[in-house]
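Chemist: Order-wise, the sequence lines are chains U and D.
Residue numbers for the first sequence follow my numbering, so the first one is 12 and each next one is one higher.
Residue numbers for the second sequence follow my numbering, so the first one is 15 and each next one is one higher.
Please keep in mind that the hints were generated in silico from the structure rather than gathered at the bench.
You may find that some hints are simply not true.
Here are the computed lysine to aspartate or glutamate pairs in the EDC-like style, where the Cα-Cα straight-line distance is at most 20 angstroms [unchecked claim]:
| hint | chain 1 | residue 1 | chain 2 | residue 2 |
| --- | --- | --- | --- | --- |
| 1 | D | Lys47 | U | Asp100 |
| 2 | D | Lys47 | U | Glu52 |
| 3 | D | Lys47 | U | Glu131 |
| 4 | D | Lys60 | U | Asp308 |
| 5 | D | Lys54 | U | Glu52 |
| 6 | D | Lys54 | U | Asp308 |
| 7 | D | Lys54 | U | Glu436 |
| 8 | D | Lys47 | U | Asp14 |
| 9 | D | Lys54 | U | Asp71 |
| 10 | D | Lys60 | U | Glu329 |
| 11 | D | Lys60 | U | Glu436 |
| 12 | D | Lys60 | U | Asp100 |
| 13 | D | Lys54 | U | Asp149 |
| 14 | D | Lys47 | U | Glu329 |
| 15 | D | Lys47 | U | Glu395 |
| 16 | D | Lys47 | U | Asp71 |
| 17 | U | Lys219 | U | Glu200 |
Calculated from the model, a selection of chain U residues having no Cβ within reach of chain D, i.e. all distances over 12 angstroms [claimed, not checked]:
| hint | residue |
| --- | --- |
| 18 | Cys58 |
| 19 | Gly106 |
| 20 | Glu169 |
| 21 | Ile196 |
| 22 | Lys229 |
| 23 | Gly250 |
| 24 | Ala266 |
| 25 | Cys294 |
| 26 | His296 |
| 27 | Gly335 |
| 28 | Thr351 |
| 29 | Glu436 |
Glycine included, C-beta positions come from ideal geometry on N, C-alpha and C.
If you want the building blocks of each chain, they are given just below.
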Amino acid sequence: MLDVGRHPRINLLAYSEVENVSGDAGNFRVKVRKKARFVNEDLCTGCGTCAEKCPTMTVDVFNAELGSRKAIYKYFPQGIPSIYTIDKDACRQLGQGKKCGICAKVCQAKAVDFEQNDGEIQLHVGAIVVATGYDVFDPSVIPEHGYGRIANVVTALEFERLLSASGPTAGHLDRPSDMALEKEIDDLEKEHKKLSRQLKQLEEKHGKSSAQVMDLVKSGAAAADKDLHNWAASAERFGELEARLEPMRQKIGAAQPAKKLAFIQCVGSRDFRFNKFCSSYCCMHSVKEAMIANEHDNEVSSSIFCMDLRAVGRGFEEYKLRGGKQANIKYVRGRVAEITEDDALNPVVWFESTTSRQVLHETFDMVVLATACVPTAGTPKLAELLGIELDSNGFFKTDPLAPLNATRDGIFVCGCAQGPMDIPESVAQASSAAARAAEVVAPARQVAAAGSQ
Amino acid sequence: MNNDVLVIGGGIAGIQAALDLAEMGVQVHMVEKLPSIGGKMAQLDKTFPTNDCAI
Ligand SMILES: Cc1cc2nc3c(=O)[nH]c(=O)nc-3n(C[C@H](O)[C@H](O)[C@H](O)COP(=O)(O)OP(=O)(O)OC[C@H]3O[C@@H](n4cnc5c(N)ncnc54)[C@H](O)[C@@H]3O)c2cc1C
Numbered sequence: 012m013l014d015v016g017r018h019p020r021i022n023l024l025a026y027s028e029v030e031n032v033s034g035d036a037g038n039f040r041v042k043v044r045k046k047a048r049f050v051n052e053d054l055c056t057g058c059g060t061c062a063e064k065c066p067t068m069t070v071d072v073f074n075a076e077l078g079s080r081k082a083i084y085k086y087f088p089q090g091i092p093s094i095y096t097i098d099k100d101a102c103r104q105l106g107q108g109k110k111c112g113i114c115a116k117v118c119q120a121k122a123v124d125f126e127q128n129d130g131e132i133q134l135h136v137g138a139i140v141v142a143t144g145y146d147v148f149d150p151s152v153i154p155e156h157g158y159g160r161i162a163n164v165v166t167a168l169e170f171e172r173l174l175s176a177s178g179p180t181a182g183h184l185d186r187p188s189d190m191a192l193e194k195e196i197d198d199l200e201k202e203h204k205k206l207s208r209q210l211k212q213l214e215e216k217h218g219k220s221s222a223q224v225m226d227l228v229k230s231g232a233a234a235a236d237k238d239l240h241n242w243a244a245s246a247e248r249f250g251e252l253e254a255r256l257e258p259m260r261q262k263i264g265a266a267q268p269a270k271k272l273a274f275i276q277c278v279g280s281r282d283f284r285f286n287k288f289c290s291s292y293c294c295m296h297s298v299k300e301a302m303i304a305n306e307h308d309n310e311v312s313s314s315i316f317c318m319d320l321r322a323v324g325r326g327f328e329e330y331k332l333r334g335g336k337q338a339n340i341k342y343v344r345g346r347v348a349e350i351t352e353d354d355a356l357n358p359v360v361w362f363e364s365t366t367s368r369q370v371l372h373e374t375f376d377m378v379v380l381a382t383a384c385v386p387t388a389g390t391p392k393l394a395e396l397l398g399i400e401l402d403s404n405g406f407f408k409t410d411p412l413a414p415l416n417a418t419r420d421g422i423f424v425c426g427c428a429q430g431p432m433d434i435p436e437s438v439a440q441a442s443s444a445a446a447r448a449a450e451v452v453a454p455a456r457q458v459a460a461a462g463s464q
Numbered sequence: 015m016n017n018d019v020l021v022i023g024g025g026i027a028g029i030q031a032a033l034d035l036a037e038m039g040v041q042v043h044m045v046e047k048l049p050s051i052g053g054k055m056a057q058l059d060k061t062f063p064t065n066d067c068a069i
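Pulled out of the complex, with its shape left as it was, chain U reads as follows (with noise of 0.2 angstroms):
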């Protein structure tokens, strides 16, 4: 990623998208969006002061929306380009129309520009490599998962964020519910807090409890006294607060990391409502999650739900075997009709087993869906931008004897653009793809050396 920044030979445009091509293979022509990042890419040094001064919170996309991050960010850490963007829904002063700018004061390279507008760039290229990757599909739309529904069901790419060091969690299996909870005693105590402070200011300044105007409210004797009724509505909320924050506070204390994984296979995949292929990768990045979770705490146990484990790769049956021997991974053949949700906001999976030949279910701490790699949301305009077309699935198509190919000269697609693959075969497939653009270019280099000799 890092070379890719620092090359010589590579103009990286992030935050960035093709608006037009025209053109044939050996001269396209290509419009860019620049979009405004409202950050000056040549001033930014990375530093992250505007970030850490900024008051606004909003949800971390990279971190699956499972944490928050500020409104002028970094889209990761190691983010290359290493420059922060600001997000213009989210601020306070480009989105919504307050006076703010604290970015812009603590900025030493003076990089924030809320008056920058977006940029257009003409390009002129030989060759096309479309790389444009996958989108995870949405289990929401599979009521019987629960998913959006039971906390504690998320998804695979949420679950590797909750077990990244740098996730939100700072990689403990903390349960989705025990995280919202935490949220929401942070926010009650932060409005206990306040109330706290101006109770105490009104009863030095009165000289009277909260208890006594209460008193007084209930009473009638504070009559149309609209200062009186607002203590004492304030210290009812008080009280309120104070007793609904006491249980929520013990359950925390007792909350636990989860033990007992369930991974559901085929979440979106070799399902005909949905997509009829394998997603490929998914079989072996259940089998990955389960192991890294039990390396994290050895009293992890994993049930892997699957109509049956696909592990084709080089070694991936040898890791299969070893994450069931070394890592209290089950597989279990079958697949799951249900899930439900018990009284301690526990998953409760509803499956047939094909081996024992019983309908089953059994709870789990949390649950895990191995949802599909679908195309991504922009691919059919990109796919009419081009002039090249999808496949059966919605991919873009190659032809299978010239794999590399899109269906006009001098475009190729490489990686989950093709279809779902692993990070492998993604890999040499770029490499190919590479390989066929610099054939396409190659006469041109030729030319142009010939003519500067």
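Could you slot chain D with the ligand onto chain U? The hints should help.
Modeler: The following block gives chain D with the ligand in isolation, referenced to the frame of chain U:
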């Protein structure tokens, strides 16, 4: 005729293609829609089959 190449997408596939081309002496332009390159792989904790760190 032009001898530059455009790579659309800066995930692991786009990064590999861009680096290979640049190493061959080709001028590359990489367009990435997000503020940083890295793609999905940057979001992964570790990767199978070696369990190496993703970034
Ligand atoms: C939970 C999970 C765990 C996984 N674990 C593993 C693992 O352990 N090992 C393994 O080998 N594989 C794993 N995979 C698969 C792996 O993520 C993919 O193989 C790999 O990321 C594909 O790389 P890519 O570059 O093709 O796509 P992506 O990573 O999706 O990158 C595409 C890039 O293109 C950008 N882009 C998209 N559209 C546009 C556009 N219109 N214009 C400009 N830019 C655009 C995107 O922002 C992104 O940066 C896992 C997948 C998941 C979901």
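Chemist: Beyond 12 angstroms on every Cβ pair: is that true for Lys229(U) relative to chain D?
Modeler: Holds, since 56 angstroms exceeds 12 angstroms.
Chemist: A cut-off of 12 angstroms on Cβ-Cβ distance, and Glu436(U) was said to be off the interface with chain D. Does that hold?
Modeler: Contrary to the label, Glu436(U) does not stay out of reach of chain D, its closest Cβ about 9 angstroms off (not over 12 angstroms).
Chemist: Quick one, are Lys60(D) and Glu329(U) close enough, alpha carbons at most 20 angstroms?
Modeler: Holds. Lys60(D) to Glu329(U) sits at ~18 angstroms (cutoff 20 angstroms).
Chemist: Taking only the CA atoms, is the gap from Lys60(D) to Asp308(U) under or equal to 20 angstroms?
Modeler: It holds: about 16 angstroms lies between the C-alpha atoms, which stays within 20 angstroms.
Chemist: For the pair supplied as a hint, Lys60(D) and Asp100(U), confirm whether the alpha-carbon distance does not exceed 20 angstroms.
Modeler: violated (32 angstroms)
Chemist: For Ala266(U), is the shortest beta carbon distance to chain D beyond 12 angstroms?
Modeler: holds (22 angstroms)
Chemist: Could you grab the alpha-carbon distance between Lys47(D) and Glu329(U) and see if it respects the 20 angstroms cut-off?
Modeler: Given pair Lys47(D), Glu329(U) is violated - Cα atoms ~38 angstroms apart, limit 20 angstroms.
Chemist: Under the criterion that the straight-line Cα-Cα distance not exceed 20 angstroms, is the pair Lys54(D), Asp71(U) satisfied?
Modeler: holds (15 angstroms)
Chemist: Find the nearest Cβ of chain D to the Cβ of His296(U) and say whether that gap is larger than 12 angstroms.
Modeler: Nearest chain D Cβ is 6 angstroms from His296(U), so the label is violated.
Chemist: Take the C-alpha atoms of Lys54(D) and Asp308(U), compute the straight-line distance between them, and say whether it is at most 20 angstroms.
Modeler: Measuring from Cα to Cα gives roughly 26 angstroms; hence the hint is violated.
Chemist: Over 12 angstroms from every CB of chain D: does Ile196(U) meet that, or does the non-interface label fail?
Modeler: holds (28 angstroms)
Chemist: Against the 20 angstroms threshold, does the CA-CA distance of Lys47(D) and Glu52(U) hold or violate the hint?
Modeler: Distance of about 16 angstroms is within 20 angstroms: holds.
Comparing the model with each numbered hint stated earlier shows that hints 5, 6, 12, 14, 17, 20, 25, 26, 29 do not hold.
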